[in-house]
Amino acid sequence: MSTPQPPMPQAAPDWQAAPGSPYPTYTSPIPVVRTHLGHAIASEWTKIKSVRSTMWTLGVFVLLVLGLGLLTGAVVASSDTVVDGESPLALGFFGLLLGSICLITLGVLTTASEYGTGMVRTTMTACPSRGRVLAAKAIVFFLVAFVVTLVSATLVGLMHVTMLEGSGAGEPTGSEWLKGTVGVSLYVALLGMLSLAIGSIIRHSAGAITIMIGALLAPLVIALFMFSESLRDVQQALFEYSIPNQMSVFYANSLSDSGPSGWDPLWIMLGVTAVAFAGAFALLEKRDV
Amino acid sequence: MIEAVGLTKRYGDKTAVHNLSFQVRPGAVTGFLGPNGSGKSTTMRMILGLDNPTAGSVTIGGHPYRKLPNAPRQVGALLDAKAVHGGRSARNHLLSLAQLSGIPARRVDEVLGVVGLQDVAKRRSKGFSLGMGQRLGIAAALLGDPQVLLFDEPVNGLDPEGIHWVRNLMKTLAAEGRTVFVSSHLMSEMALTADHLIVIGRGQLLADMSVTDFISANSADFARVRTPDTEPQLREKLTSALTEAGGHVLPEQDGALRVTGLALPRISDIAHDTDVRLWELSPHQASLEEAYMRMTQGAVDYRSTDDQKAGLQQPLPPGAQPPMPVPGQGQPGWYAPPPPQQGGQPFAAPQGAPGQAPAGPYGAPAAPGALPGGQPANPYAAQQPPRAQPVQQPSPAPVTDPTESEDAR
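Protein chains in written order, with our numbering: chain A, 1 to 289; chain B, 1 to 409.
Hints may contain errors.
Claimed, not checked - Facing chain B, a subset of chain A residues (Cβ under 7 Å, in silico):
| id | residue |
| --- | --- |
| 1 | V32 |
| 2 | L37 |
| 3 | T46 |
| 4 | T54 |
| 5 | C127 |
| 6 | R132 |
| 7 | D288 |
Said to hold, decoys possible - Residues on chain B that point at chain A, a partial pick, calculated with CB under 8 Å:
| id | residue |
| --- | --- |
| 8 | P26 |
| 9 | N70 |
| 10 | K82 |
| 11 | R88 |
| 12 | S96 |
| 13 | S101 |
In short, the hints are calculated from the structure, not lab data. Remember, predicted model here, so these are calculated numbers, not experimental data. The beta-carbon is built from N, C-alpha and C at its ideal position, and this holds for glycine as well.
Please construct the entire structure, taking both the sequences and the accompanying hints into account.
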């Protein structure tokens, strides 16, 4: 409260005590600061941690990843299946595939729930730089999603390596560790970011979640029923570029030998998310809130 | 200072706001009035940069809202009390808004105290009543200690204490030199709070003037004269004498006379000269609500009608006549008479007067509709264009609860 305030003795805003002589324009005793993205990020961090849906979706995510990881690990370890040379990290795939639905939900809710509750009008009044709000949401969500996924994936990986020790499974290399933890976490967090952008475009939670789950599962399901020979190429492409297959690339057990490999899925997802964000930013600036 | 120039908003082929130009000056409470759906909220949203105008522009302190640096520190707004995420506690909601504009967290607790929500600060706002939600919205508007404040229907759902508080709050804020812009569809509320009025109907400007100008421009003072009921000839005698003296006399339903164009002492002198005894000679002024209703008469989008209850009613007994509408009612320039004074008034008119059903959007006669001068509310102000009603229609209970007009919505 360093700004000089002649009519008011104390620093606290004193508007309740009506001054005897009305003065033409009012100046607040609270210093006005120039706002930037940092303020918006602090605000979004408060928002994301103060609603229960965040705890629920992330809680279910961790449960699914760890629980399914434990289950598959136990089944594989007790069975006589020869897992010669296979990386034990690959077993983490199932948990993460189902868990990504939770992150999709959280991503959509981060943006779309503001439209559902009307909160967005309050937010956009408090910060007329709409792009800044969306950027802050994206940054906060990405960090939360990435950290949570990375921790879960690493835990599951360590669990599987320990459980399958001595059963003939190969020892994962350094690059396998990197792809199976950081790589797949980046991919899943980006998938959540895509959901966040779609939530901002659709502005309706249920609609956006449906679209994203459809995008996750539909290509595989559709491809399953493409029996016709003439559609062979389409079926192949749907299989290879479906999100589950892209995820499995990080564990080097793709459904096919062609299609994306290595770190390709990450670049694909990055491109798609960037396009979705460009659309979300453009629409946000243009549309009425 | 808020300045709108040629503001227009169209949704498809529906024009919500049409060519609206006005200024809202600092240091005064400016009321923004209009019937439901007249474009008040749309205008407010355009001021705040939430909606883009189809044409025209609106600026605050010379800048469009979205170009203001740290806007919440300059403009505070209560748009919609329910525009919060119900799952978040009141404090966290305000904290997130405070962080967005670099306001210290201390200020959050301060405004929570100001609006009286400190005890429920940790509770999720989903469980808040309408009034509590409204207080939370006001807290959010005050958070940045701004120079310009916009309130959209701030007294909605508040209890009498809250209404009183909001009124004083707005006056205090204006007295500090801030610009206070308050929308309402209750003229009676504005009469108590606003210094200046901007009235719109169907998205167009109907009036932009001070409250006192508004009243004098839209209403006429009149005197009510009552001669002894027992001697009807006196009434006719006085009527002709008054007309001769240049007065305009309208008979009222209960036998009284409504006189315009003559001062009260003059009426008394004429009565004395013509040897007519008077049982009543009282000054009256049409309420703000009436003036407002007359102004927006043609611009009401959602008009209620009386519930005739025809399907429930026995046929009229033979010989019974529905009461005739009062002559002059509904004509331009006609003002409904204020009701008889309560208490010890020997000529109390029947309360079940036609058209009194409190059904309209302004239906509940606004008891706080008294002018600052202290005149009682006028239940007749609730009248929509009159229609004859069957005798049996139960007369609605006269509304006297001052809170009802606000809560009934």
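Q) Any CB of chain B closer than 7 Å to the CB of A/T46? A) 4 Å, holds
Q) Against chain B, with CB atoms and a cut of 7 Å, does the hint on A/R132 hold up? A) 9 Å, violated
(Q) So, as I understand it, the hint says B/P26 touches chain A; can you test that by seeing if any CB pair is closer than 8 Å? (A) 6 Å, holds
(Q) Using the nearest Cβ pair, does B/S96 come within less than 8 Å of chain A? (A) 4 Å, holds
Q) Is the hint on A/L37 kept, meaning its closest Cβ partner in chain B is under 7 Å away? A) 11 Å, violated
Q.
Please check whether B/N70 passes as an interface residue: C-beta within 8 Å of a C-beta belonging to chain A.
A. 5 Å, holds
Q. How about A/V32: closest beta carbon in chain B under 7 Å, or not?
A. 5 Å, holds
Q. Holds or violated: is there a CB of chain A closer than 8 Å to the CB of B/S101?
A. OK, holds: B/S101 within 8 Å of chain A, min 6 Å.
**Q.** Hint check: 8 Å Cβ-Cβ cutoff, B/K82 to chain A
**A.** 6 Å, holds
Q | Minimum beta-carbon distance criterion (7 Å), A/C127 to chain B | A | 5 Å, holds
Q. Does the interface hint hold: is A/T54 within less than 7 Å of chain B, judged Cβ to Cβ?
A. Violated, about 10 Å.
Q: Mind checking the CB of B/R88 against every CB in chain A and telling me if the closest is under 8 Å?
A: Hint holds; B/R88 Cβ to chain A Cβ min 5 Å, cut 8 Å.
Against the hints set out earlier in the document, violations occur for numbers 2, 4 and 6.
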